[in-house]
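Let chain C serve as the given structure and place chain B on it in line with the hints.
Chains C and B, in that order, give the protein sequences.
Numbering of the first sequence is given in numbering that gives the first Met the number 0, commencing with residue 0 and proceeding in unit increments.
Numbering of the second sequence is given in numbering that gives the first Met the number 0, commencing with residue 0 and proceeding in unit increments.
Here are the computed lysine-lysine pairs in the DSS-like style, where the Cα-Cα straight-line distance is at most 25 Å:
#, chain 1, residue 1, chain 2, residue 2
1, B, Lys274, C, Lys300
2, B, Lys218, C, Lys427
3, C, Lys34, C, Lys103
Covered stretches of chain B, as calculated for chain C (at least 3 residues, CB under 8 Å):
#, region
4, 100-112
5, 150-162
6, 261-272
If the Cβ cut is set under 8 Å, some of the chain C residues that face chain B in the computed set are:
#, residue
7, Trp226
8, Glu292
9, Ile305
10, Trp314
11, Leu474
Don't read these hints as lab results, they were simulated from the structure.
For each residue, glycine too, the CB sits at the ideal point set by N, CA and C.
Residues per chain are reported as follows:
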Amino acid sequence: MKMQCKSCHTELAKHAKVCPKCGAKVKKEAYKNTKVMAIFGVCLTFLGGLLPFVQDVDPTNNVAKIKTDSIEIAYSFMNIQQPIYWYLFMLALVVSIILIAIKKEKISIISTAVAAVIFGVAFFASPYLEYTTSKKPFILHNLTDLLADPQVYAIGLGVYVIVIGVIIAIAGCFFDILKHFKKEIKVDPRYLSNSLNKNVWAKMRNFRWFYLMFLPVLIMVLLFNYWPMLGVRFAFTDYKIANPYYVGIKHFVGMATKDVFFWNAFRNTIILSVTKLILNTGAAVIISLLLNEISNLTFKKTVQTIVYLPHFMSWVVVASLFRLILSPDASGLVSSLFVKFNFFATFNDVPFFLGSTKYWTGTFFVINVWKDTGWGTILFLATLSGISPELYEAAQIDGANRWSRMKFITIPALMNTIITVFILNLAKVMKIFESVFVLKNDAVDPVANVIQTYIYDKTFRAGQVNYGYTTAVGLFNSLIGVVLVLGCDYASKKVRGRGIV
Amino acid sequence: MSKEQVVVNRKKKKKVKIFPIVNVVVFLIISFCILLPIWKVIVDSFDAMAGYGLAFWPRRLSVGGYNAIVTNASLYTPFLISCFVTVAGTALGLFLSTLGAYVLIQYEMPGRNLLAYILLFTMIFEGGMIPTFLVMKNLHLLNNLAAVILPLAINVFNLVLMRNFFEGIPQSLLEAAAIDGCSPIAIFYKIVLPLSKAALASIGLMYAVQFWNDYTQFKIYITESKLFNFQVKLRNMVMDSDVPNLGDIDANTTKNAAVIIAILPFMIIYPFCQKYFVQGVNVGAVKE
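If we strip away everything but chain C, and leave its shape as in the complex, we get:
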């Protein structure tokens, strides 16, 4: 983007400080990080609303307990008598985030403050319910009364997090305000285009049909994308079949300290996903480089058609197909070949590649490469066809052979696309589910269970279901996903000048 002087619209040099034509000072877009700081603060406040405000005390050292089993009694927005408080609190914070995102930081202070006031009212004035597992759970408490007995109750994590979050959110906005006290360049309204001067309401009336057209999309998104986001609160509750009741961060502590299956699943997710990504990308690059060297167009098209083919099979079909050809008896193609060429003496010696922990991982990668490599070449081939043939001709005249042409022309031209594809797929690392889900069986759980399949098994196949716990695992997964997506977005902006979302 070219920089422009705001008062006379002259194009400016990149690092100009004063406009050469009219002498006005050029303002740089500064304080960008403060916006991030404000959003971070709001998110922290949001998180604080989920954590316990008051919880029972560890008798030995008089501080709030963070141990797994001991958080039996914890109070938060979730067990307030009127749950409307929590919704209002959250709404205020969402409004804050939106206001910051559309650069209305000043107004966002008001909504953040409203959220803080709601928290204050909830904390000091309103009674809290104590849920128990039994049918008639309702005992009313006032948090301030509870705190009068410091031997039993102490202020929980949530209060501290909310206070710190609100301070950071408001401070972040305030730093952004500072720039409003500096001298602004006044722009003559006559130079603004007509549409900008029009009344917003009149404009909205003009577009009223479009809002109506967007309504179905909005309803669907709210119903199936945003409503589940509210369900994240169950991560802080025990939710057996009905009647979720608040238990604070018990599940997260338990997950981190006691659940070996969870850590195993986490490790498998990273190993399977990242290795798959590297193998698939590598294979796709090699195949597209080779494919690019083929001069016969008919042959090239045919090969392309064939290698794209497996992508259209669902994972179930691919799993069934490989289950059939890998089956360790006379009906399996692979085992028959092994026996025929005397790798194994009888069919009993042939391992079932999808059923033993030793071979499952390797088989998984082979199947993945088989299915998705061809499809992965599309972007690389598009880039390769964009390289000017003149470059190759010039190199040929200079005496470059095939190898050095590839090394000095093709690979550098392809590098950007490789990084792009890598970044695009890295953002999806935590979402690996269906491919593993259809290929694994209980025998290979130690090497095959990923977080999503772990959640599925624990919810839909276990005898005693606790939606709270599995939601907590899912939330952990989603949060890592968010970090990955934002990180990849940032990286993508650095590498190719635009983000991925």
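This is chain B only, laid out in the frame that chain C set:
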């Protein structure tokens, strides 16, 4: 020319000629690797003796496997359900994504950015499997095909892709129509839609593949066996050997036939629609 130079030249020439041949051979091997499993399954699906030894050609030709699927109600109902979900889901998905994309290219509209943010945020954060399941439970959509169709029909990625396609339509065209008195909805179906047939084909195919291949949603929301789609049925047949007893037809033959039927619809239309599929991928990654 000295003798040495001649030798060098000859070597160079030879090298250049060898590489294309090696390359072609490599691709023949790759194609073979990809086609061999598929060919084996096709052969076995026509072979009444499937499952006895190595064969690359049916030994006892029979269409019994296919016949079993076509005549057996527990096997063809899943196929019909798959068809219904694919058609209904693709239609709904295209409807929603074209509408959404059309609104998102109204640059002058107040609040356009806000609406775009609302959509894009769902690509960053998601509630996860269990909260979504609980929402479906609250909506009483469990064991209802709506639970499978609706969440996948609003695919934000496809909507953004559609917007990318729509951005290629010149704004002046839309403005001209508006000045001539065309209403927004008339502009939509008289100008925008006819101009983006390729986009509709491309994204419609993406939706169709997604719905036809859907397994996860069915596994989570549908527990009644009479509402299973073909993918779920196929998985039960092959992995858990849940094949109805059909007399002299080997169970393996039926399994192989089921695999072929599951891939048949897209194998038939794929060669004709390949360019639309490829176009979708390229627009998704290359254009803003």
